[in-house]
Structures are given as structure tokens and as C-alpha cells.
Amino acid sequence: MTSLKPNFLFALNSNIIRYEEVEEKKEFPTAHDWRSYKTQEVFDDGTQTFFWRAHTLTVLFFMVVGLIYVSLFEEPVSDSNYNIKRGLIAVVLVFILFGITQIPDGPFIRPHPALWRLVLCLTIIYELSLIYILFQTPNDARQLLSHIDPSLGKQLTEKNYGSNCRIYDHENPSDPFHNIKDKFDVFVPTHFFGWWLKTLMIRDWWLCTVISIMFELLEYTLEHQLPNFSECWWDHWILDALLCNGLGIYFGMVSLKYLYMKPYNWRGLWNIPTYRGKLKRIVAQFGPHSWIQFDWRPFSSFDRWISTMFIIMMMLVAELNTFYLKYVLWLDAPHVLNLMRLILLVFSGAVALRETFQYLDDPTCTKFGRQSWVLIAVIITELLIILKFDYNVITKPLPQHIFYLWIGAFMILVAWTIWRFLLKNTIQIFYNSKKKKIKEKKSLNKKSQ
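The sequence shown maps to residues 350 to 798 in this note's numbering.
It cannot be assumed that every hint is accurate.
Restraint-style ranges between C-beta atoms, simulated for each label pair [said to hold, decoys possible]:
#: 1; residue 1: 659; residue 2: 409; range: 39 to 45 Å
#: 2; residue 1: 749; residue 2: 437; range: 46 to 52 Å
#: 3; residue 1: 635; residue 2: 779; range: 52 to 58 Å
#: 4; residue 1: 497; residue 2: 726; range: 18 to 24 Å
#: 5; residue 1: 748; residue 2: 558; range: 24 to 30 Å
#: 6; residue 1: 604; residue 2: 751; range: 19 to 25 Å
#: 7; residue 1: 464; residue 2: 409; range: 17 to 23 Å
#: 8; residue 1: 384; residue 2: 763; range: 33 to 39 Å
#: 9; residue 1: 736; residue 2: 779; range: 23 to 29 Å
Calculated pairs, BS3-like style, for lysine-lysine (alpha carbon to alpha carbon, straight line, at most 30 Å) [said to hold, decoys possible]:
#: 10; residue 1: 606; residue 2: 629
#: 11; residue 1: 785; residue 2: 773
#: 12; residue 1: 530; residue 2: 503
Simulated from the structure, these hints should not be mistaken for lab results. None of these values were measured; they are calculated from a predicted model. Idealized CB from N, CA, C, for every residue including glycine.
All chains should be modelled from the sequences, with the hints used to inform the complete structure.
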């Protein structure tokens, strides 16, 4: 008989000590009922079987037919640059076809599991591209992007938003509010819709608000490195934090409430008698199949607290990477590559946060999610590219007063963490033990009398 090795997990901020064994597991309260979630099945009345199938052999057949046509029937092209670009595109397409047919399904199934397999494949391709760029010199990497767009590879001038902070400029009577108008660029709708989507991803008002405020503080901190971070006080706290970010978070929370309260009762398309009902069912296919409300519980245990801090840190680094990458690679803010990166991070981030929440909350989930793993690698690789390509700018020392403020804040955070998750429980256990001994002593004295 094989021996079983028990796995002990301790929750420092809870009176519950969690004990797990291979064959027997004690109950541990979770934010979501994962047992019922795993037993539910996607409704299929027989009409969706073809739709949900991976079609592995069909995809393989058409891929082979395409390769046969290119190799045997197509007229060869002598242009080396054209052949290199087309060959790289073919490599990417073959990898994507393999991924969307062979990679296991993730937590999302709407509108089709293949879409989320595609997102994972694209994230892997993006990570591989970043790895390749990491091994280039800064100039070679910038010129490499010019093969994608000839307008790239040229140094850009960073826009400074904090040069004139007058709300009403009396020196310009023809347009006294020009400072406010100048601030309304591509980043305004990006901030608003970005935070709407991020709220749908994180599904927690407090976490979103903390990240929003922290990013504005980081912009204050790093404005000596990037002129793009230099903004007026009203731009930071009124236009960005309150209006763009705040309204985005608000509409995100309204959307979350609707998605959480909405009943999810699915019928097969051909079982719906009216054309209007069929159309509504088709549109609903692009919404969620069911909805899970995230309860991150950062104060429930020490590991939850550290995990929440790590999530906040990763999201802040990903936000900063957006600005630093376009600075070191000479990408203009409205360029399509920036937009493509943001869209990919939204889709992959939604899956990654869903996987991370289940990993933290579900006692039976012992494997870190695929999308989460790749996305963390992407964020770290982006950061390494930034550090390598412009180390002198990125490592400019902080102003002394800002440095001391961050050191003080960090020490307060560490001290509070030690108190909340170690000393408080230790003192409480010691106090309860002492109280119990006093009661036992009193009861013994009564019996002796």
C-alpha cells in the first residue's frame, strides 16, 4: 500500500487551521460554491454539438491543403523580405491553429471556447516576441518595428501635461480654457473604458479604487523620469482619478450588479419559436454563460493578503509598462500596436484573474492557471525590456522627500501586516489561554472548598 503524504496549509489570519490530505479533506469556507459550479454542464439540446466541437481533423485537413498549394502550385517569389515575412506569418498561423484545436478549455466558454484558446495562443506569441526583442540591442529592436510599420523607428517627443496648470488662462482671452481642452487626448476615453473593463475583470470596488489611486501616486513619483507623467493636480485627481477612473469604476460596478442579478436560463436555439427570441439568443451567446462574484477577502489570511498585494503590484506594473514601452521603443500613443497590446491584456487579464481567484478560493484547485502563468511572464519580460533599453532613465533616483515618503509607507505596511497576521493572533491566543487557566483554577478552588 502506498503511503500518503499529508499537506498542511496554515491560515495565519484565521482561527481556522486548514488541513488537507490526499484522500480526506476537511471543509474550509470559500467565497464561491465551487462544487456546484464544477457539476453544472453547458446546455446542449443536440443542436449545438457541431458548434462546440473542436473540429481537429477538419482544421488539420484545410491546413495541409493550404501548405500543399503553397509548396507545389503557387508561383515562387524571389523577394527575400516578402518570403521572410510570409514565412513568419505562416508559422504563427500554424501555431494558432494547433492551439485553438488542442489546448484545453479555460474557465470562459462564451461566445466559444476557441476564442479563449486563441487569446492564450496570442499571449504566448506576444511573450515569444518580447523574448526575441529582449535579446536585441535597443536600436535594433526599434528598427525591427519599422518592418511592421515604416513610420516607426524614429525618436518621439514626449508630451508634457504639467507645463501650464491654469484652469482659466487670462493671458489667452481668445481661448482661456485651452489648458483643459489640451488634456482631452486619446488617454481620456482610454482611461474611462479601461477602468470600466478592469472593474469587470477585478469585480471589486475597493481593489479597483486602490489601484486607481496608487497609479496616480506613481505618476507623481515618476514624473522626473517620463515627461508624460507630469500632470497638473486637477488633471491627476479630478480628470483622471475622479472623472475618468471613477466613472469607469462606477459603470463597471453597475454592470457587475446587472450580470450578478441576471438569471441565466439557457434554451437551445431551435427550441425558441419566434425569430425575435432566436435573435436575442444569438446576441446572448456573446455574454457570460454564468457569473461568479469575486470576494477576494484580503484580510482573511496571510496568504490571501500577500496574494492581493501581488495582484495589485502586477496590475500597476502592467499599467506603467504601457508608458515606458512606448517611450523606449519609440511608439506613439495612438499607434495601433499600443491598442492591440491593451486589447490583448484585457482579454488575457480577464481569464488570468478568474483563474487566480479560483486558485486562491477553491481548496481543490492546486494548479496555477495557464493564462495567469503566461501573463505574469509577459509583464515581467516587458519590465526587463524597459530596464535594459533605457536603464539610465528608469533608474533616475527619486527626489529625497518622495523617497522617504515611500520608505515610510512601506514600513507602515510591513508593521501593520506583522501586527494583523502574526502578533494580533498570537496575543489573542495567549490571552485566551491565560483566561482559560484562570477559569480552571477558579473551578478547582471551588471544588476544594
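Q: Please flag the earlier hints that this structure goes against, numbers listed from lowest up.
A: 6 and 9
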